[in-house]
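K.L.:
Listed below are the residues making up each chain.
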Amino acid sequence: MGDMSAGRSVVLEGSEQGFALTRVDALLGWARKYSLFAYPFVTACCGMEFMALNGPRFDLARFGAEAPRFSPRQADLLWVVGTISQRQAPTLKRIYDQMLEPKWVLAFGTCASSGGFYDNYTTVPGIDKVIPVDVYIPGCPPRPEAVLDGLMLLQDKLARNERRPGVVKPRVDPPAKVDELVQLRRSAKDPAELVKRLGGGGDK
Amino acid sequence: MSQVALDKLKARLGAGVLETHSEFGDDTAVVDAREWKAACKLLREDPALDFDMPVDLCGVDYPGREPRMEVVLHLYSTTRHHRIRLKTRVGDEDMDGAELDSLVSVWPGLNWLEREVYDMSGVRFRGHPDLRRILMYPEFEGHPLQKTYPAQRTQPLVEYRTEADAGRPLEKLPPFGPDEGMPFGRRALPHGEES
Numbered sequence: 010m011g012d013m014s015a016g017r018s019v020v021l022e023g024s025e026q027g028f029a030l031t032r033v034d035a036l037l038g039w040a041r042k043y044s045l046f047a048y049p050f051v052t053a054c055c056g057m058e059f060m061a062l063n064g065p066r067f068d069l070a071r072f073g074a075e076a077p078r079f080s081p082r083q084a085d086l087l088w089v090v091g092t093i094s095q096r097q098a099p100t101l102k103r104i105y106d107q108m109l110e111p112k113w114v115l116a117f118g119t120c121a122s123s124g125g126f127y128d129n130y131t132t133v134p135g136i137d138k139v140i141p142v143d144v145y146i147p148g149c150p151p152r153p154e155a156v157l158d159g160l161m162l163l164q165d166k167l168a169r170n171e172r173r174p175g176v177v178k179p180r181v182d183p184p185a186k187v188d189e190l191v192q193l194r195r196s197a198k199d200p201a202e203l204v205k206r207l208g209g210g211g212d213k
Numbered sequence: 027m028s029q030v031a032l033d034k035l036k037a038r039l040g041a042g043v044l045e046t047h048s049e050f051g052d053d054t055a056v057v058d059a060r061e062w063k064a065a066c067k068l069l070r071e072d073p074a075l076d077f078d079m080p081v082d083l084c085g086v087d088y089p090g091r092e093p094r095m096e097v098v099l100h101l102y103s104t105t106r107h108h109r110i111r112l113k114t115r116v117g118d119e120d121m122d123g124a125e126l127d128s129l130v131s132v133w134p135g136l137n138w139l140e141r142e143v144y145d146m147s148g149v150r151f152r153g154h155p156d157l158r159r160i161l162m163y164p165e166f167e168g169h170p171l172q173k174t175y176p177a178q179r180t181q182p183l184v185e186y187r188t189e190a191d192a193g194r195p196l197e198k199l200p201p202f203g204p205d206e207g208m209p210f211g212r213r214a215l216p217h218g219e220e221s
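Protein sequences, first through last, are from chains A and B.
So the working numbering is basically just the index in the first sequence, starting at one, shifted up by 9.
So the working numbering is basically just the index in the second sequence, starting at one, shifted up by 26.
Keep in mind the hints are simulated off the structure, nothing from the lab.
Please note: incorrect hints may appear among the correct ones.
[What the hints assert, rightly or not] Over 12 Å on every C-beta distance to chain B, these chain A residues come out as not near it, computed from the model: (1) P49; (2) L109; (3) G148.
[Claimed, not checked] Residues from chain A shown here face chain B by an in silico Cβ test under 10 Å; the list is partial: (4) D128; (5) T132; (6) K138; (7) N170.
Quick reminder that beta carbons are idealized off the backbone N, C-alpha and C, glycines included.
Please work from the sequences and hints to get the whole structure.
P.N.:
Right under this line is the structure:
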């Protein structure tokens, strides 16, 4: 419920159980956000951090993004983890083209984002030269916390149904405590104002 | 260590050995390019030397020197436990005549190493069974470890995206100047603002 209310849905009071109104696109965004099927395109040392991320300590499964799909046709999210050489670029582009819409791309680490220190003839200076990228995660390699932050940025983007690549808006953290949420809900006279205060917008 | 190897090389090839030096047990012989294979055969087949393991082969470019490209071979003997470094020099300023006899028949393990030297430095090996590029792609032009290869030159296989493909301006964020950093960097828009 917390995430539903952080989007564009409105919780109305009026019965003992309460009920929620939302819109189909908001519901779809909310559903997609927690069911990302990943295609890991792992080429370099960032893969070690990617493994740590999938392990129990950082536990990618909390975000519903832990299931890898080794066919691009079944995947929503392309993780590009590591350096992409010029020789690999056609493969990467082909894999991206084989993924079905809607699809997202996450550039994991400095090399995937900008080429890193490989400023030479071998390396693509950032995968966004070849395919659109939704989220860039800096770090060489990034800490798993940084990756989780990037994943949450992507989730927020999904919840907004934002489709423009490369535009990552700052994440709006949900209220820290349930009490605050209740407080917000009670204090809003107008549902539209509540939506505004919780960070949702109108039509984008 | 392998002074005996240097002596044998000098005895066998005579003027084919251009120079030698030994420093801290590290023995090096520079041989004439025409004697390259003969020198290697001697080192491989002489039972007192028995260099049975080629450790590395690489090319070193010395621009402005004639011959310009130096090919360096490191050898080790797993029975005698000694090492030697063998060098030769080929190629003029335009890399004309940068050819060497292939050593694949002496040490089959040099097959890929010779391909790497060909790919990176542009030295061709006569008699190599399969002299293709090994690291770069076949469409690549030039040899990137030659000092004449422009440091900034890239040869992408996939055309880079343009602003028209992306459907939006791809300007950079400060602190990056126009010619540095990620050209397609993320743009932090204020919440709710359209680009």
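K.L.:
Determine for every hint whether it applies to the structure shown.
P.N.:
Now for the hints, and whether the structure bears them out:
no.	hint	in the structure
1	P49	21 Å, holds
2	L109	20 Å, holds
3	G148	14 Å, holds
4	D128	9 Å, holds
5	T132	8 Å, holds
6	K138	4 Å, holds
7	N170	14 Å, violated
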